[in-house]
Structures are given as structure tokens and as C-alpha cells.
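Asker: Protein chains in written order, with numbering that gives the first Met the number 0: chain A, 0 to 394; chain B, 0 to 334.
Note that these hints are calculated values from the structure, not bench results.
Be aware that one or more of the hints could be misleading.
[Said to hold, decoys possible] Okay, derived cross-link-like pairs now, EDC-like style, lysine to aspartate or glutamate, Cα gap no bigger than 16 Å in a straight line: (1) A:Lys281 - B:Glu280; (2) B:Lys190 - B:Asp148; (3) B:Lys220 - A:Asp149; (4) A:Lys281 - B:Asp330; (5) A:Lys290 - B:Glu266; (6) B:Lys190 - B:Glu116; (7) A:Lys114 - A:Asp149; (8) B:Lys175 - B:Glu116; (9) A:Lys281 - A:Asp330; (10) A:Lys281 - B:Glu322; (11) A:Lys223 - A:Asp149; (12) B:Lys263 - A:Asp1; (13) B:Lys327 - B:Glu266; (14) B:Lys220 - A:Asp1; (15) A:Lys265 - B:Asp330; (16) B:Lys327 - A:Asp330; (17) A:Lys281 - B:Glu123.
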Amino acid sequence: MDLSYGKKYDEFRENVCSFLKKYDGDFPKNYGLGKPSQQAIEWQKQLIQHGYAARTIPKEYGGFGATPDILEMRIIAEVFIEANAPRGLANQGVSMLVPTLLEVGSEKQKQQWVKSTIEGETVWCQGYSEPGAGSDLASLRTAAIEDGDDFIINGQKIWTSTAANADMMFALIRTEPDAPKHQGISYLLIPMDTKGIEVRPLRTMTGEAEFNEVFFTDVRVPQKNIVGKRGEGWKIANTTLRHERFMLGDPNQAEYRINIIIGLMKEFGLAESPLWRNRAMKLYAEVMAMKCHGLRLFSDSVNGENSGIAVMIVKLQGCELNYQLAQLAIDVMGVDGLRYGKSVAGENTVESNRWQHHYMFDLGLIIGGGTANIQKNIISERALGMPREPKVGAK
Amino acid sequence: MYFGLSQTQKLLQESVSRFCAEKCPPAALRKLDGFAKIQSDFDQLGMGGVMVADEFGGQDGSFLDLAVIQTILGQFVAPIQFIGTAALLPIALREADDKSYFSNLIAGDLNCAIALEDNGVSFENGRLNGSKKLAFDIAGATNVLTNVDDRLFLTPAADVEMITNGTIDITRQFAKINFDNVAAVELGDAKIVLAAAHIMLAADMVGAADAMLAQAVDYSKTREQFGRMVSSFQAVKHMCADMAARLEPCRAMLWLAAHNFEDKPSEFIKTALLTKAHISEVARFVARSAVEVFGGMGFTDEANLHFWFKRIGVNCKLLGAPEILLEKTADIVFN
């Protein structure tokens, strides 16, 4: 066991720190996952120039072109978080589409899309889930019919966050109607301004429309917009889906929350109560366990070791923990934790708003990106070697 | 940056596994009069000296070395006393003036009983008086490690009265210990030694829980009902996934808590409290769930699963139930 990064990284850390110090806390606001502001785009350019965003993306595609070094990436993240500085665009185009193109895209596609995506000029949305294809994503039915050199697409996607502001969509479309379920899907790049595409906001229980539905009526897309080979879409998408799963259930978020809760307990006079102390310390222990677990996974990445079951449990345990922390925060605040909306009659709702929003949205995080019960299927099947669920309908 | 077990630690685990597989398979657990031989055979391996300093003839190992050995002992529910002698004594003796203890320890001549529960004993005019309700690892004890609040004491076992007590866990020996005006050597801070004991018990539980989950999953793959393997029922799959998912982070938690002994002493006590409290709850969940997955057979004596179930059940409470440990943690966190 050795948790230090080694001397050679101390200098690297100092360099990152001095870069941020120059800005004296004056960082762009309103970063988000949608259309970046002009401020954010300028910031992103600065970051790429210094290698703090798009670090390992090859120079020829607009990136910094550094050799992948997980410790460097980690140090950048640590320093930026410590300084409360925005860490570079992390939207779906950057985190999912670009890695996919770099891995299996054609040279032309890489030239066309990587640079503009990482610079924030092209915004992407993900067209995967459908009303009839959630957990069973492979059963998706949005389909393409060949027409000359084009596809004509009809169908519907759901849960497409950022569709309203997106320039492009990377989508899973059924292009091979006669092929078996998992082999009939292709990965297609679709311009969102194409005639026949309609975006409708999807309001969730939070009251906001964080997501959208996207309807396709005879949408014409060139066949050359396909990434990889026809019928390989499922395989391609799975690599990036695995990456998404690992992003959710962040142990840093859990530690952040429990520290706030300890402050809230003091503020609300519960710090001496054995009942509340017990409940809080139980979660404190869970946070410690997940933090240690995160360190272990990090070490595995650094040292090129296979994490096996350890990586499969992150989303399940992490999302549940974050949710329980939100519930505890609300409970600690009592009636003051229930207020939602604008501050009224001098009662500040900033804190309660935050936790009430988590109480709703975090349940969505447990369900989305692979719901808890699917995670349990995966763990029992792939880690414990128990029999797979019976497959109905796959030819 | 490396967060994991070293090659040496993995080899330690392998050699202890080989020993336990040969010397104390489940059948051996039914022959109580064979335990002393298993213990002395184990003592021959010289693992008692793992954490003793090089200058005293020890292997200069780390506390994590001991914790990983203990996980294997838990995995095999081995009737082997290791915690007091190999972990607690070397830590306690670091501050002691009399270093002769170390050579006795290396020679395998010391066997330390653990009487570290809260309360029960007072220390006045150089003498201990009172009793500890349930000391453990008392078989063949030469010494007793005990505490009065945060003060740590060592006494010869011959000077105290031991009244053997049984628990459901027959793989370990327990006794009520009466101190009647007993002279004792005062050592350092009892909280540190107690923390070490917490981590060793947590390590024991991780190993035992691993074994229970593995046995339950394996059994489910052989047991057929309603025309298919019990392992194919989703409810059973999910119970096993739950056990595995809760248990896995415990591994990393244990390693870090043990590593803190050398690496972050200021955090050692707090992380030990959290580790034992948390792992007790997880292990207890695994224990009952694994027996359920194992079904009616899991409930029998013949299936042997109960040895692990009982070991975990007792460990949960030894040296502080989760509620008590978490309350002690709250004291640290809120102040």
C-alpha cells in the first residue's frame, strides 16, 4: 500500500495550481452540460492549450496530445475541485461521442467532429432509450429504411437530455430488420436540424424538463453517417455505456454531502442526540467504505489491473448512498427541510431546495443509466457466475 | 500509487490458506481436543513475529500484513489464536521498557488473552481489581492484556482467575476474568491497541463473510427445485448480488484502516471504529442471507455453514457493538 503519487507528480501539481492561481477565483459560471456560453468556450480553449482538458486527445484532432497518465488526470481534477474551478466540458459529446469516434470512427469522422466537439462548438445529444426500450435497450425500434445512399428514419427516442440545444445526435438505430436483435443496430450521427425531427421537452417530477423526447418522421440521413459497420452499433455503444456507469455514484459527492450534514446537525441542535448521531455515523462509515473502494479502483486503473467485481458495484452502492444522504439531510432539517421554491417571508430556501431536488432527481439516477435491479443482475451473472435471465424474443 | 495487497501479503495469505485447508477443515472443528495441536502447529509457522521489529528478531512487517492473515483465519473459521499475541502485544510493547517480551513472543512462548471490554476493572495503588465479563483467546494464555478506561495493562495469566464461558462460537475460547489485587505492568494508550483489535476482528469478519457468500452461491448452483437451479431465480441472484455489493467495499476499507497504523496514525482510531462498526453490520447481513440462500440445508449442523454464521455473530459484539463504536466515532467527528 502506498497512497502517494511520487515526487515527479509534485511538480505537475504545482504547475496546475499556478495556472489556476493566475485567475484569482474569477472563473466562468454557468458551465452545464448544454450549449456552452461564450465564456465557457474561451475557458475550454485555455484549458486545452494547457492540457487540462482534452489532454489525451491527439493534437491532430485538436487535443493536447499527451500520453495517457491517470495520475496526471487525477491531479488536474483534484486541483480544479479544490479551487472550485470548472473542469472543462464534460457533456455527452466530450465524454461519450469523442472516445467512440477515436476508437472506431473513420478518419473523416474524426477530422469532422472531434475538434469542434471538444472545443464546445458542436453540442451532441444521445439517442439511445425509447419508450419501449429502457432496461431492454437492445429491443429498440427506431428504424431506418434504405433509400439510395440515405437512410429514412422513423421512430422515437426518450430521455435525450440536451436535445433542445444540440447540433447533432449520436443514435442507435435499427438498420438490419432481418438480423437478430443485438446485431440489427447501427450507430448513426444525425444532424438535429434535419427535416422531420421534433424535440419535445420531457418534464420530470422535479418540475423541470431536464430531458426530452425526440420524434423522427421520415428523417433522411446519409448512410455514410454511420460509425463503424452496419449492425455493430450495440457492440460500439456498450463500451461507452460502461464508461457512463462508472461516472455515476461518485464517492466524492458522498463525502461532500456527509460533511454538510454534520454541519446541519450542529446548526439544528442534533449533534448531541444519540439517535441522530447513530444514523449519521452509519452513513459516515458507508462514505468511508466507498471512498476507500474508489481509491482501490483508481489504483487498479493506474496499475493496469482488472477490477473485476469491484467496478460492477459502484453505480449500485454509490447512487443508493447519495440518495440516503439526501434523505438524512432533509430529516435533519425537519420542517425547514421541506420548503421548496422561492424564499418566502425571510425563510431561506436555498439549502432545502438543494436537498428536495436531490430527493427527487437522485431517485432518477438510481433508475437511469442501468437501474438498480439490472445492476444486481449484472453482478450476480458476471461476477458470481449465476445463470443469466431467460432471453425471450432474441432470435 | 498502489492501493492493494503486495505480493508478499498475497503469499502470506496463500500459505495460511494452505495450512488451514490441511489442518482445520470443517471436520476438525468438531474435535475440540484437537485445537491445542492446531494452535501449536500454527505457532511453528512463526507468524507471531510478523510485526515485531527486526532488532528483536521479528520480520518488521506492517499491521496490514497481520490483518490479511486474519482474513484467512476468518475465512476458514480457524480455531487459531492470533490477534492478542501477534498484533496487540507487539503494538502494546512498543512503548514498554522490558523488551524481553519480544524474544519470548518470537519463540512462541507467549499467548495473550484479550480482556479489553469497556469498564469492569479499576487500578489503585499499583493493583487491578474487578472483572472483565468475556475475555477471548484465553486457551493456554501466559498473559492477559486488559484496560482501565484508556490505560493499558499487562498481567501474567497465572495471577488472575479465569472462569471459562461458552458462546455459540466454539472456534474460540472465552472466559470471565477476575482480578483480585493483581499487580500489572502499565503500557501505553489502550485506545490504540483496542483499535488494532477492532481491525483484526473486522478482518476476521471479511474472510468469514467471503466464505459464507462463496458457499451459498456454489450451493445454489447445485440445488434444483421447480425444474431449475435455485441460482436461476432472480430473487436469489439479487440476494447474492446484494451480499457481494455490500461486502466488496469492506475489503478496501479494511486495508486502509490497517494501513493507517503506519501511514496516518492520527486517523487510526477513528477509522478502526468505523471499520469494525460497518463491517459488523455488513457481515451480519451476509451471514443471515447466505444461510437463507443455502436453504434448509444451510440450517443443518451437517452443512457446517453455522460455524461461520456463529463466528460472525459473536465478532459483531466483541469489543463493542456497532452502536457503541459509532457513538465513540461521533465524539471524534462532532468535536
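Asker: Compare the structure with each hint and give your call.
Answerer: Going down the list of hints, with the structure as the test:
1. A:Lys281 - B:Glu280: holds (10 Å)
2. B:Lys190 - B:Asp148: Holds, because 9 Å separates the two Cα atoms, which is no more than 16 Å.
3. B:Lys220 - A:Asp149: violated (50 Å)
4. A:Lys281 - B:Asp330: Given pair lysine 281 of chain A, aspartate 330 of chain B holds - Cα atoms ~14 Å apart, limit 16 Å.
5. A:Lys290 - B:Glu266: holds (15 Å)
6. B:Lys190 - B:Glu116: holds (11 Å)
7. A:Lys114 - A:Asp149: Violated, at about 26 Å.
8. B:Lys175 - B:Glu116: Given that 16 Å is the threshold and the Cα spacing comes to 11 Å, the pair holds.
9. A:Lys281 - A:Asp330: Since the Cα atoms of lysine 281 of chain A and aspartate 330 of chain A sit roughly 15 Å apart, the hinted pair holds (cutoff 16 Å).
10. A:Lys281 - B:Glu322: Given that 16 Å is the threshold and the Cα spacing comes to 9 Å, the pair holds.
11. A:Lys223 - A:Asp149: Judged against 16 Å, a Cα distance of about 8 Å means the pair holds.
12. B:Lys263 - A:Asp1: holds (12 Å)
13. B:Lys327 - B:Glu266: With a Cα-Cα distance of about 14 Å, the restraint between lysine 327 of chain B and glutamate 266 of chain B holds, given a limit of 16 Å.
14. B:Lys220 - A:Asp1: violated (39 Å)
15. A:Lys265 - B:Asp330: Given that 16 Å is the threshold and the Cα spacing comes to 13 Å, the pair holds.
16. B:Lys327 - A:Asp330: This hinted pair is violated, its Cα atoms lying about 23 Å apart.
17. A:Lys281 - B:Glu123: Roughly 38 Å separates the two Cα atoms, so the pair is violated.
The structure is inconsistent with the numbered hints 3, 7, 14, 16 and 17, although it conforms to all the rest.
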